[in-house]
Amino acid sequence: MVNESPRIHVTLPSALREYARGRDSVDVSAATLAEVIGHLAAEFPGLGYRILDDQGRLRRFVNAYVNDEPVSHLTPQEVRLREGDSVHILPSVAGG
Amino acid sequence: MARPRKGDTVVIAGTRKGLFVLTSKDRRTWQSRGPFFAGDTVRHAILDPQDGKTIYAAVTSEHWGAVVARSTDFGATWKHGDEGPRFSKESGLSVTRIWQMQAGVEGDLYVGTEPAGLFRSTDQGETWSSVDALNYFPGRDKWPAGGGGLCLHTIVPYPREPKRMLIGISSAGIFGTSDAGASWRNMDAGIRDFTPGGTCKETSTTCVHKMARDPKNPAIVYQQNHIGVYRRARGEDAWTRIEKGLPMNPAYDAPFGFPMIAHPHDGGTAYVAPLAGDGNRVMPGGKMAIYRTTNGGKSWAKLTKGLPQRDAWFTVLRDAMRADTNDPAGIYTGTTTGQIYASRDDGNSWKLLADHLPQVQCVETGVVGGA
Chain A
1 MVNESPRIHV
11 TLPSALREYA
21 RGRDSVDVSA
31 ATLAEVIGHL
41 AAEFPGLGYR
51 ILDDQGRLRR
61 FVNAYVNDEP
71 VSHLTPQEVR
81 LREGDSVHIL
91 PSVAGG
Chain B
1 MARPRKGDTV
11 VIAGTRKGLF
21 VLTSKDRRTW
31 QSRGPFFAGD
41 TVRHAILDPQ
51 DGKTIYAAVT
61 SEHWGAVVAR
71 STDFGATWKH
81 GDEGPRFSKE
91 SGLSVTRIWQ
101 MQAGVEGDLY
111 VGTEPAGLFR
121 STDQGETWSS
131 VDALNYFPGR
141 DKWPAGGGGL
151 CLHTIVPYPR
161 EPKRMLIGIS
171 SAGIFGTSDA
181 GASWRNMDAG
191 IRDFTPGGTC
201 KETSTTCVHK
211 MARDPKNPAI
221 VYQQNHIGVY
231 RRARGEDAWT
241 RIEKGLPMNP
251 AYDAPFGFPM
261 IAHPHDGGTA
271 YVAPLAGDGN
281 RVMPGGKMAI
291 YRTTNGGKSW
301 AKLTKGLPQR
311 DAWFTVLRDA
321 MRADTNDPAG
331 IYTGTTTGQI
341 YASRDDGNSW
351 KLLADHLPQV
361 QCVETGVVGG
371 A
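Residue numbers (the working numbering), protein chains in the order written: chain A, 1 to 96; chain B, 1 to 371.
So that you can see chain A by itself, here it is in the shape it has in the complex (with noise of 0.2 Å):
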């Protein structure tokens, strides 16, 4: 069976890469940001529950781009991806 889902290049910050066994990227097939986030969820255990909150969105303070246009307004399943797209998972600028 032929995988048709696009080609995706996922970072991730450095805060996260001890959740991906020191990966500071990823490529997934994925049509959507929720697919992106699923798969990294299976292949590495506690990457998803970082990113998601308990209702499948992105977390408050954590945002995500998609070529460099700010997706965190969307809910993941909403975020349609295309082949070659890049995909950046970011901690929001705050705290103290």
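If you're looking for bench data, these hints aren't it; they were derived computationally from the structure. Backbone N, C-alpha and C define an ideal beta-carbon position, used for all residues, glycine too. Some hints could be false.
[To be verified] Short derived list, chain B residues pointing at chain A, Cβ under 7 Å: (1) 62; (2) 82; (3) 86.
[Said to hold, decoys possible] Restraint ranges, calculated between C-beta atoms of paired labels, are given here: (4) B:355 - A:23: 39 to 45 Å; (5) A:13 - B:185: 44 to 50 Å; (6) A:67 - B:370: 52 to 58 Å; (7) B:38 - A:92: 17 to 23 Å; (8) A:17 - B:1: 26 to 32 Å; (9) B:2 - A:67: 53 to 59 Å; (10) A:60 - B:29: 29 to 35 Å; (11) A:13 - B:132: 20 to 26 Å; (12) A:78 - B:92: 17 to 23 Å; (13) B:50 - A:67: 50 to 56 Å.
[Stated by the list, open to error] Computed list of lysine to any residue pairs in SDA-like fashion (alpha-carbon distance at most 25 Å, straight line): (14) B:79 - A:71; (15) B:302 - B:265; (16) B:89 - A:77; (17) B:53 - B:83; (18) B:89 - A:71.
Given chain A, put chain B in place with the hints provided.
Using the frame of chain A, we list chain B on its own:
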């Protein structure tokens, strides 16, 4: 650094920026380890009272969520589950912080969260199950949040009776179970409300701050509330004021403060750390004082020897005072300006144990190898 040995005293300080572990053979000289989890808030951490070896830390990252980490080598290494406690999808709720952690009486572990929730683990915090009868208690949508958010911050198990437990939520009030969490009932009668001369009903919402059981008779519970200090014994139908000798918050003519601890051995002995008031959460007059009752709350005596009597413009938060299990007992008090004051004589005199820490969120104590 020498590894702690059986019988050593352990003081654990969770702070706004990491966790510190102090150990001592004689409670005179101390070794400090940490900070662990640098940058993250540790609102609560405990030394497992049964093995006297496992430290559990409630680590909240404002970015990446909250987990319970554990160490069996006093912080040298840590482990945690892949996930922290979580609400169900149907609830619409999401855990943002862990406020409280307590060992149950059956080797289990409980945490209290924000938004208010109670969760139980039977595998040292690897996985969690929701205590649904409380977390989805009828009317929770009307629970008012306290100044720190809608948080479950107090868990009070009942020694040798695992089916009984009290919990406190700011500011939904006090809830009790006698069937291992299958059902819960409100327990707020007798507490002042915010109207002049008003008193709460059993089902009122109140701003409980901390509760502690009497060490000799665990059926007696002492409470520091937003409005007053109280005690209630099992079978009684209301809380009773126990405030003689305590400084009063003039706004409500009631003592205001956060911690309430009991002495480890002496029945009727408890400690509070009153503040000027809810509108000015500092030591009254800038002079630090801890108050102790030795008669079950009939009266309170002021303890100041060795505590700063000027410029003490800080708060002692609800979990920032604890007693160890030694005899005489050690009492430890942490401040929001980063000091820990320690007493080796039941609170009669105090010395500075640590300074320049980040804001102290909690102080817990224990003995290596268990009490």
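Hint check:
1. 62: With Cβ-Cβ at 5 Å, under 7 Å, it holds.
2. 82: holds (4 Å)
3. 86: Holds. Min distance 4 Å.
4. B:355 - A:23: 39 to 45 Å: Cβ of residue 355 of chain B to Cβ of residue 23 of chain A: about 41 Å, so the range 39 to 45 Å holds.
5. A:13 - B:185: 44 to 50 Å: holds (46 Å)
6. A:67 - B:370: 52 to 58 Å: holds (57 Å)
7. B:38 - A:92: 17 to 23 Å: holds (19 Å)
8. A:17 - B:1: 26 to 32 Å: holds (29 Å)
9. B:2 - A:67: 53 to 59 Å: The hinted range 53 to 59 Å holds for residue 2 of chain B and residue 67 of chain A, with Cβ atoms some 55 Å apart.
10. A:60 - B:29: 29 to 35 Å: For residue 29 of chain B against residue 60 of chain A, whose Cβ atoms are near 43 Å apart, the range 29 to 35 Å is violated.
11. A:13 - B:132: 20 to 26 Å: violated (35 Å)
12. A:78 - B:92: 17 to 23 Å: Given range 17 to 23 Å: holds, Cβ gap about 18 Å.
13. B:50 - A:67: 50 to 56 Å: holds (53 Å)
14. B:79 - A:71: The given pair, whose Cα atoms are some 33 Å apart, is violated under the 25 Å limit.
15. B:302 - B:265: holds (20 Å)
16. B:89 - A:77: holds (15 Å)
17. B:53 - B:83: holds (23 Å)
18. B:89 - A:71: holds (22 Å)
Violated hints, listed in ascending order, are 10, 11 and 14; each of the other numbered hints is respected by the structure.
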